[in-house]
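> One letter stands for each residue in the lines below.
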Amino acid sequence: MTATDTHRAIDAVWRIESAKLIAGIARLVGDVGVAEDLAQDALVAALERWPRSGIPDNPGAWLMATAKHRAIDILRRRTRLERKHQELATELEVDQEASAPDLDAAIDDHVGDDLLRLIFIACHPVLSTEARVALTLRLLGGLTTEEIARAFLVPEATVAQRIVRAKRTLSEAKVPFEVPRGPELVERLSSVLGVIYLIFNEGYSATAGDDWVRPALCEDALRLARIVAELMPADAEVHGLTALLEIQASRLRARVGPSGEPVLLLDQDRSRWDQLLIRRGLVALERAETLGGGLGPYTLQAAIAACHARARAPEETDWARIAGLYGALAQLAPSPVVELNRAVAIAMAFGPAAGLELVERLTTEPSLKGYHLLPSVRGDLLFKLGRTDEARAEFERAATLTRNAREQELLLARAAACAPGAAPVQPG
Amino acid sequence: MMRYMLIAKATQESEQGCTLKPELMAAIGRLTEEMTRAGTLLEVGGLAPTSKGARLVLSDGRVTVTDGPFAEAKEVIGGYAIVQVESKAEAVELSRRFLQLHADLLGPSYEAESEVRQFFDPSEYALEPANR
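As they're listed, the protein sequences go chains P and W. Take the first sequence: its position 131, counting from 1, is numbered 131 in the numbering used here, and each next residue is one higher. Take the second sequence: its position 26, counting from 1, is numbered 454 in the numbering used here, and each next residue is one higher.
Because the hints were derived from the structure by calculation, they are not lab data. Predicted, not measured: the structure shown is a model, and the values here were computed from it. One should not assume that every hint holds.
Claimed, not checked - Below, computed lysine to any residue pairings styled on SDA-like, alpha-carbon distance capped at 25 Å:
id, chain 1, residue 1, chain 2, residue 2
1, W, K516, P, R214
2, W, K516, P, R52
3, W, K437, P, A216
4, W, K516, P, G30
5, W, K516, P, T169
6, W, K516, P, E396
7, W, K516, P, N404
8, W, K516, P, P366
9, W, K516, P, W50
10, W, K516, P, I55
11, W, K516, P, W62
12, W, K516, P, D57
13, W, K516, P, V154
14, W, K516, P, G54
15, W, K516, P, R70
16, W, K449, P, G386
17, W, K516, P, T144
18, W, K516, P, E130
19, W, K516, P, E357
20, W, K516, P, D113
21, W, K516, P, G292
22, W, K516, P, G33
23, W, K516, P, H7
24, W, K516, P, T145
25, W, K516, P, Q40
26, W, K437, P, Q40
27, W, K437, P, I55
28, W, K437, P, L276
29, W, K516, P, S53
30, W, K437, W, R524
31, W, K516, P, T6
32, W, K516, P, W14
33, W, K516, P, E147
34, W, K516, P, T2
35, W, K516, P, P51
Unchecked claim - So the derived list for chain W, only partly shown, Cβ under 10 Å to chain P, looks like this:
id, residue
36, E461
37, E514
38, R525
Positions of the beta carbon are idealized from the N, C-alpha and C atoms, including for glycine.
My request is simple: use the sequences and hints to build the entire structure.
What follows is the structure, given as C-alpha cells:
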C-alpha cells in the first residue's frame, strides 16, 4: 500500500467509525466537544502509526482503545473528576482483561445506545436549528466543516463557529448525555426527525442557489434516517420518515433535466426512478404501518409518496387515495401547505374546478403570502380551466417569489406557454 | 456518495451447496447488521450454486446456453452486497472486513476472493449512450 492508499483507507475507516467513536467517548467524558477532540486525536495517532505498522485488523477497536486512553489521561488531570476517573479506570481494566473478541463485544453492546444519545444531543432543543443541522451532519454524518459549508452555501467559518458555539452551549447547559424518556422522548424525537427532514429537503429542493437539487444532502439525510430507524425500530414515525425519504430520493435523478432544470413529478421519466430505493421505501412504510398506533405525519406523507411510486404511469396514480391521505394529514398536522397539496390531489381526482375552489380559500392565508407554490398551483388550475390570462399572471407572480433560479426559469416558461395547446404540467 | 457492489466470489463449499458454519453465519450477520445500522447497506443477497444456474455465450451471432455447474468457483459470484459509501476506500474497507472475518474464524489457510465494483451513476450513462 502506498502512503496515499493508506491515507485513503484511514479516511474510510474514519468515516465508518467516527460517529461510534465520538458517541462511545462522549459517554465516558460526558461532553460531546471533548469527545470529538479525543476522537480526532485518535485519528491523528492512526495517521502517524498506521502508514508504518499497517492498518490493524480491527481498526475501529484500535481507535476506540486509543481514544479511551486519552480520555483517561484527561480525566486524571481533572482532579475534580476524581471519582469519575475511578469508575473509568475500573471499566478500562475490565476491558483490558477481557480477550479481544470480548472487548469488541463490550464496545458493540454500547454502540447503539451511545449513537442514539449522540443523535439526541446533537438535535437538542437548546440549540438553534442551524446548529442542530450542522452538529448532526458533523457528528453523525461524519461530514467535515467544509463539506457542510458547501452543502448549505455558507462560509466555512460560519459553520465552524456554529459548531463551536453549539458544543459550548451543550456544555454550559450541562445537557446530560442520555436518551430522554417519557413525554420528553416524544418531543426530542420529533426534533431529531425534524432535523433529518430539513436536511433532506434542503437537498431535495434547494431554497437558494443555482442548483435545483443537491443530492449529496439528500443522501446524508437518508443515511441518518436509516441509522435512527435501526436504533429505534419500535417507533413507527422513524420508519415513516425513512420510507418518505427513500421514496423521494428514488426520484432524484428523474427530477433534473439534462441542463439542470427541474422536471416535475408527472413529467418525470419513471424508468429513471431508483427501484432499489422505492423497494426499500415500501418496506419501511410497511414496517411503519404494521407498528400501528395510527399513522403519523411522516408515515402519511410516505404513504402519499408510495402512491406515486406504485403508479407505473402518471395516469395510474390513485389521486382519490392521495386526496384522502392529505385529508388525514391535514387533520393531524393542519397547515396551509398541506391544504394546497390536497387541493392539487383533489383537482387531479375530481377536476381542476374542485381543486381551484380549495386554492381560492388559501389566497387570503397570511402564511402563504410569499409562498411561490400557491400562485404556481393556482396558475396551473386556471390554465387547465382555460383561463390563460389569469394563469399567466399567477405564473409570473410565482416566478418573482421563488429564490431558486432553476425554478424561476420553469415558471417563466410556463407563463410564456400560456397559449392554447400547451401541455399541462403539475407541481411535483 | 457512490454506490458499489461488493462481490463475494463463490468457493468450493458454496458451489457444493454447503451451509456456512453457524459461527461464520453469525459473524457475517453481525457485519451486515453493522452496515445496516450505519445506513450504508442497501441490499444483500446470496446466490445458489451454479448447478442451479446457466451460462449463456454469444458467439458468431448465436447464443449458446450451458447449464451449470461450472468448474472454476472463483470466476463465479457467490453473493453480493450493495452499499452506498463516500469513497472506493470505504467500500474496500467493508469488503476487507468481510474477508477478514473468514480468516478469523476459519484460519489462515482459508482462501477467498472479493471484488469491489462501482455502479455507474445512471445519470451518467443516460446522457452518454455508449456502444450504440
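> Against this structure, judge whether each hint is valid.
Outcome of the hint check:
A threshold of 25 Å between alpha carbons decides the hint, and for K516 of chain W with R214 of chain P the separation of about 21 Å falls inside it, so the pair holds. Between the alpha carbons of K516 of chain W and R52 of chain P the distance comes to roughly 22 Å, so the proposed pair stays at or under 25 Å and holds. For the given pair, K437 of chain W sits about 31 Å from A216 of chain P by alpha-carbon distance, which is inconsistent with the 25 Å threshold. Between K516 of chain W and G30 of chain P the CA atoms are separated by roughly 34 Å; this puts the pair beyond 25 Å, and the hint is violated.
Proximity of K516 of chain W to T169 of chain P is assessed by CA-CA distance (about 37 Å); at most 25 Å being required, the pair is judged violated. Proposed proximity of K516 of chain W and E396 of chain P is contradicted: the alpha carbons are some 46 Å apart, above 25 Å. The hinted pair formed by K516 of chain W and N404 of chain P fails the criterion: a straight-line CA distance of about 33 Å is larger than 25 Å. Straight-line distance between C-alpha atoms of K516 of chain W and P366 of chain P comes to about 50 Å, which puts the hinted pair past the 25 Å bound.
Of the pairs offered as hints, the one joining K516 of chain W and W50 of chain P holds, with about 19 Å between alpha carbons and a cut-off of 25 Å not exceeded. A C-alpha spacing of about 16 Å is found between K516 of chain W and I55 of chain P, which places the hinted pair at or below 25 Å, so the restraint holds. A C-alpha spacing of about 22 Å is found between K516 of chain W and W62 of chain P, which places the hinted pair at or below 25 Å, so the restraint holds. A C-alpha spacing of about 19 Å is found between K516 of chain W and D57 of chain P, which places the hinted pair at or below 25 Å, so the restraint holds.
Restraint check: the Cα-Cα separation between K516 of chain W and V154 of chain P comes to about 28 Å, which exceeds 25 Å; the hinted pair is violated. Simply put, K516 of chain W and G54 of chain P have alpha-carbon atoms about 19 Å apart, close enough for the 25 Å limit, and the pair holds. Among the hinted pairs, K516 of chain W with R70 of chain P is inconsistent with the structure: their alpha-carbon atoms are about 31 Å apart, more than 25 Å. For the hint linking K449 of chain W to G386 of chain P, the alpha-carbon distance of about 70 Å lies beyond 25 Å, and the restraint is violated.
Of the supplied pair hints, the one linking K516 of chain W and T144 of chain P holds, its CA atoms being roughly 18 Å apart against a limit of 25 Å. Of the pairs offered as hints, the one joining K516 of chain W and E130 of chain P is violated, with about 31 Å between alpha carbons and a cut-off of 25 Å exceeded. In summary, the hint linking K516 of chain W to E357 of chain P is not supported, as the alpha carbons are separated by about 53 Å, beyond the 25 Å threshold. Among the hinted pairs, K516 of chain W with D113 of chain P is inconsistent with the structure: their alpha-carbon atoms are about 29 Å apart, more than 25 Å.
Between K516 of chain W and G292 of chain P the CA atoms are separated by roughly 40 Å; this puts the pair beyond 25 Å, and the hint is violated. For a cut-off of 25 Å, the pair hint linking K516 of chain W to G33 of chain P is broken: about 30 Å separates their Cα positions. As the CA atoms of K516 of chain W and H7 of chain P are separated by approximately 13 Å, the hinted pair is consistent with the 25 Å bound. A distance of roughly 22 Å separates the Cα atoms of K516 of chain W and T145 of chain P; the hinted pair therefore holds under the 25 Å criterion.
Distance restraint check for K516 of chain W and Q40 of chain P: the Cα-Cα separation of roughly 22 Å lies within the 25 Å cut-off, and the hinted pair is therefore satisfied. Distance hint between K437 of chain W and Q40 of chain P is unfulfilled; the C-alpha atoms sit about 36 Å from each other, more than 25 Å. With a C-alpha separation of about 24 Å, the suggested pair K437 of chain W and I55 of chain P falls inside the 25 Å cut-off, and the hint holds. Pair hint K437 of chain W plus L276 of chain P holds up; C-alpha atoms about 23 Å apart against a cutoff of 25 Å.
Note on K516 of chain W and S53 of chain P: the hinted pairing holds, with a Cα-Cα distance of about 22 Å set against a maximum of 25 Å. Simply put, K437 of chain W and R524 of chain W have alpha-carbon atoms about 13 Å apart, close enough for the 25 Å limit, and the pair holds. Pair hint K516 of chain W plus T6 of chain P holds up; C-alpha atoms about 13 Å apart against a cutoff of 25 Å. About 14 Å separates the Cα atoms of K516 of chain W and W14 of chain P, which keeps this hinted pair within 25 Å; it holds.
The suggested pairing of K516 of chain W with E147 of chain P holds, with an alpha-carbon distance near 18 Å, which does not exceed 25 Å. Taking the CA atoms of K516 of chain W and T2 of chain P, the gap is near 15 Å; set against the 25 Å cutoff, the hint holds. For the given pair, K516 of chain W sits about 19 Å from P51 of chain P by alpha-carbon distance, which is consistent with the 25 Å threshold. With 10 Å as the threshold, the beta carbon of E461 of chain W comes within range of chain P, its nearest partner Cβ sitting at about 8 Å, so the hint holds.
Checking E514 of chain W against chain P by beta carbon gives a least distance of about 5 Å; that is within 10 Å, so the hint holds. At its closest, the beta carbon of R525 of chain W sits 9 Å from a beta carbon of chain P; the interface hint therefore holds under the 10 Å criterion.
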